[in-house]
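Okay, here's what each chain looks like letter by letter:
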Amino acid sequence: MSTASRTGTAPALKLPEKHYLNSEYGLRSWLLTTDHKRIALLYLASVTFFFFIGGFFAMMIRLHLLTPSGYLLSADTYNRMFTMHGVTMVFFFLIPSIPTILGNFLIPLMVGAKDLAFPKINLLSWYIYIVGGAFTLYSMVTGGLDTGWTFYTPLSTVYSNSAVAPAVLGVFITGFSSILTGLNFLVTIHTMRAPGMTWFRLPLFVWAHYATSVVMILGTPVIAITLGLAAMERVFGLGFFNPAMGGDPILFQHLFWFYSHPAVYIMILPAMGVISELIPTFARKKLFGYHFVAGSSIAIAVIGFVVWAHHMFLTGQSTYAAIAFSFLTFLVAIPSAIKTFNWTATLFGGSISFDTPMLYAFGFLGLFLVGGLTGLFLGCLGIDMHVHDTYFVVAHFHYIMVGGAVMGYLGGLHFWWPKMTGRMYPEWLARIAAFILFVGFNLTFFPQFVLGYLGMPRRYHAYPPEFQVYNVMSTAGASILAVGYLLPMAYLTWAAFYGKIAGENPWPATGLEWKTPSPPPTENFEVTPVVTWEPYDFHNRPDLGLDVPSHTGVMPVPAHGHD
Amino acid sequence: MHRTGALYGQFETLEQQKETASLGMWIFLVTEVMFFGGIMLAYTINRHTSFHAFAMGSNTLSLPLGGFNTVVLLASSFTMAMAVWSSQTGKKRLIPIFLTLTILLGFVFFGVKYVEYAQKFHNHLIPGKNFDIRYCVNNPSKCEDIQPDDLAKERAEIAEAFEADPDLNAHAQLYYSAYFGMTGLHALHMVIGAGLLFWLLRNSMRGMYTPEWNTPVDLVGLYWHFVDIVWIYLFPLLYLIDRHK
Numbered sequence: 000m001s002t003a004s005r006t007g008t009a010p011a012l013k014l015p016e017k018h019y020l021n022s023e024y025g026l027r028s029w030l031l032t033t034d035h036k037r038i039a040l041l042y043l044a045s046v047t048f049f050f051f052i053g054g055f056f057a058m059m060i061r062l063h064l065l066t067p068s069g070y071l072l073s074a075d076t077y078n079r080m081f082t083m084h085g086v087t088m089v090f091f092f093l094i095p096s097i098p099t100i101l102g103n104f105l106i107p108l109m110v111g112a113k114d115l116a117f118p119k120i121n122l123l124s125w126y127i128y129i130v131g132g133a134f135t136l137y138s139m140v141t142g143g144l145d146t147g148w149t150f151y152t153p154l155s156t157v158y159s160n161s162a163v164a165p166a167v168l169g170v171f172i173t174g175f176s177s178i179l180t181g182l183n184f185l186v187t188i189h190t191m192r193a194p195g196m197t198w199f200r201l202p203l204f205v206w207a208h209y210a211t212s213v214v215m216i217l218g219t220p221v222i223a224i225t226l227g228l229a230a231m232e233r234v235f236g237l238g239f240f241n242p243a244m245g246g247d248p249i250l251f252q253h254l255f256w257f258y259s260h261p262a263v264y265i266m267i268l269p270a271m272g273v274i275s276e277l278i279p280t281f282a283r284k285k286l287f288g289y290h291f292v293a294g295s296s297i298a299i300a301v302i303g304f305v306v307w308a309h310h311m312f313l314t315g316q317s318t319y320a321a322i323a324f325s326f327l328t329f330l331v332a333i334p335s336a337i338k339t340f341n342w343t344a345t346l347f348g349g350s351i352s353f354d355t356p357m358l359y360a361f362g363f364l365g366l367f368l369v370g371g372l373t374g375l376f377l378g379c380l381g382i383d384m385h386v387h388d389t390y391f392v393v394a395h396f397h398y399i400m401v402g403g404a405v406m407g408y409l410g411g412l413h414f415w416w417p418k419m420t421g422r423m424y425p426e427w428l429a430r431i432a433a434f435i436l437f438v439g440f441n442l443t444f445f446p447q448f449v450l451g452y453l454g455m456p457r458r459y460h461a462y463p464p465e466f467q468v469y470n471v472m473s474t475a476g477a478s479i480l481a482v483g484y485l486l487p488m489a490y491l492t493w494a495a496f497y498g499k500i501a502g503e504n505p506w507p508a509t510g511l512e513w514k515t516p517s518p519p520p521t522e523n524f525e526v527t528p529v530v531t532w533e534p535y536d537f538h539n540r541p542d543l544g545l546d547v548p549s550h551t552g553v554m555p556v557p558a559h560g561h562d
Numbered sequence: 000m001h002r003t004g005a006l007y008g009q010f011e012t013l014e015q016q017k018e019t020a021s022l023g024m025w026i027f028l029v030t031e032v033m034f035f036g037g038i039m040l041a042y043t044i045n046r047h048t049s050f051h052a053f054a055m056g057s058n059t060l061s062l063p064l065g066g067f068n069t070v071v072l073l074a075s076s077f078t079m080a081m082a083v084w085s086s087q088t089g090k091k092r093l094i095p096i097f098l099t100l101t102i103l104l105g106f107v108f109f110g111v112k113y114v115e116y117a118q119k120f121h122n123h124l125i126p127g128k129n130f131d132i133r134y135c136v137n138n139p140s141k142c143e144d145i146q147p148d149d150l151a152k153e154r155a156e157i158a159e160a161f162e163a164d165p166d167l168n169a170h171a172q173l174y175y176s177a178y179f180g181m182t183g184l185h186a187l188h189m190v191i192g193a194g195l196l197f198w199l200l201r202n203s204m205r206g207m208y209t210p211e212w213n214t215p216v217d218l219v220g221l222y223w224h225f226v227d228i229v230w231i232y233l234f235p236l237l238y239l240i241d242r243h244k
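Quick note, the sequences are listed as chains A and B, same order.
For the first sequence, numbering that gives the first Met the number 0 begins at 0 and goes up steadily by one.
For the second sequence, numbering that gives the first Met the number 0 begins at 0 and goes up steadily by one.
Hints should not be assumed to be uniformly reliable.
Stated by the list, open to error - Chain A regions said to be covered by chain B (calculated; three or more residues, Cβ under 8 Å): (1) 110 to 118; (2) 187 to 196; (3) 214 to 222; (4) 243 to 255.
Read the hints as simulated data drawn from the structure, not as lab findings.
On a predicted model such as this, the values are computed, not experimentally measured, just so you know.
All C-beta atoms, glycine included, are put in the ideal place defined by N, C-alpha and C.
Excised from the complex, chain A in its bound form (with noise of 0.2 Å):
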């Protein structure tokens, strides 16, 4: 698992003497720094820990339901614990997961810049992610919020008897994280790449966080003022959406859902961004379509702007409009369809190996297919009727999120932890965890379509008996699902300090982060670099070590992905 087992003769590696881990100590140092890796790591920390509060919300949801009426919690208690996993997931993991943590750390060294454009606002945006959280704690600790995730007026601002302002105003706060994070994406792609590094011959992880960027600056501004007016709705009773007072609650549900359907795409975006990464260097080829592959994220960012009200096609809008909603969805399905053809298509004819970044990779494309195609169901009106808030939708979104999102995110993590920390983690254990949260995961939620289609509705506490086995399984795999989560963050910890030394390129993989020592310096590169090659292209680099024999012209599979 080394370069030198790749190439033979090469030293027993060494991690560089000073790197930006070790080039101050103390709390301070971290507290106040400007690194962008650094704050990476603060971002992971946070992010682990939301993480972990949000899986135990679930881990009650699917203790409570192991059995028909439910003998855990009590029906309020209940809605408390599917509101506060949702809020948890969704604002405090999922959307600042990839973009803070990996595109953090990663943008500023994939493009060949010393540093974010703007490092003090980078930190900023952690602090107020923080403060944010916060409130959305203090909301938990309480009395919780039983309103559900999307917040849906008047119960929110009128009926709700929990702590909804509280949490409103914690996510209010921390979507400034995200749009201070976003624009500083979108500034330092603009203006910060190396020499060389032109638009087209940026990692396509950078496609993908250009594109998320967008959302963010774009979207997250609207939730902003639509939680604010909602907030000030509670405490001071406005009435905007409220129709005792004449105000309207769809539009309430339109404001959220502009900018809470683009955040899907916040979420899986990166996650398309890191699997794009991890295919072709795991097959060692050429990614298929670089160009196609680059311009689907736009595309869907683009449209992902105009496809907001197929969550509303029960809640009483035109039946004109929602057939336009219904056509734009379709649409959106084109650019995720082209990306998905064209990771198959890389695979194709490549010299794959399996190590652990690539399963998930692979558990990526079937999940996030399975995921996808559901979703045209969803956005297919006649079929909405029938499956519209069931455990259907849950399923069809856990599959995005978890088996697209989680798994981006956790392949990436894998990847890249030999450059965050200078040390491979333990291959086999990493490869039975991969498996473990694969086989967890659709156990978990597979039987969730069944359930929905079945008829069970989402947020009861409560199921007619014969709905009983499927709830069962699913319980079972979310077990299953806790132990794939606790593994890697096990041995990933340990793997930190006490790892195999993994040098500048365990992979070989083609990116300019891979040309700077694992850990890099704290300026990242020693001499700015000039790029003068094309992305994922292994057959013009010699500098990866890989011999291409001319004559055939196939890569060989390098001696790592045998032992």
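Please build the complex by placing chain B on the supplied structure of chain A, with the hints as guidance.
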């Protein structure tokens, strides 16, 4: 923004640094457009559903005061542009003068806004328990700021509007929620802008801004113009549409 105009570590050249800062400000303004866009949409939809109440609400605003404030803000944009121009052309002594004028005009705006808000408070037009759109019509002696002619006109219009919308008093509160929400948000942006202007003023009096390096003046200028443009939208939305002839 850097005080001495030196190069920050993450950049290669001063030009790149300036381009980056400027792009950052433009993108920030895009997010601001979306931010105000949300509340303007909420206003427009509610205006559509509670048409009579919103038209009546517009009638109760003072056109002379609103118009005057529009002129004041446009003038402040001009002085701000002059401050930027002075910094770009090296007229170091003019920069603080134009900045001071901009700040003064900003405070004139605040003053007029204060008068308007106070009148609304006085005339029972704050959304809540004591809101009463007919307060002045019913108690003419207590609303000295409204001319008797206007009051008579208003009385007739309110009676007509109540016929069309019996819930006018409730719906008019929506209008006033929007009025205070939007103008309040705008005023908050102006307060932040005024703070930035004071900071520029201090630095410009120390002679910090030169034709080679004047990024902060340039960027605060962009921000100030943006806040002006928001008002250019708010003024017709709140004061002018469907006003009585």
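How the hints compare with the structure:
no.: 1; hint: 110 to 118; in the structure: holds (count 7)
no.: 2; hint: 187 to 196; in the structure: holds (count 3)
no.: 3; hint: 214 to 222; in the structure: holds (count 6)
no.: 4; hint: 243 to 255; in the structure: holds (count 6)
Hint compliance for this structure: no hint is broken.
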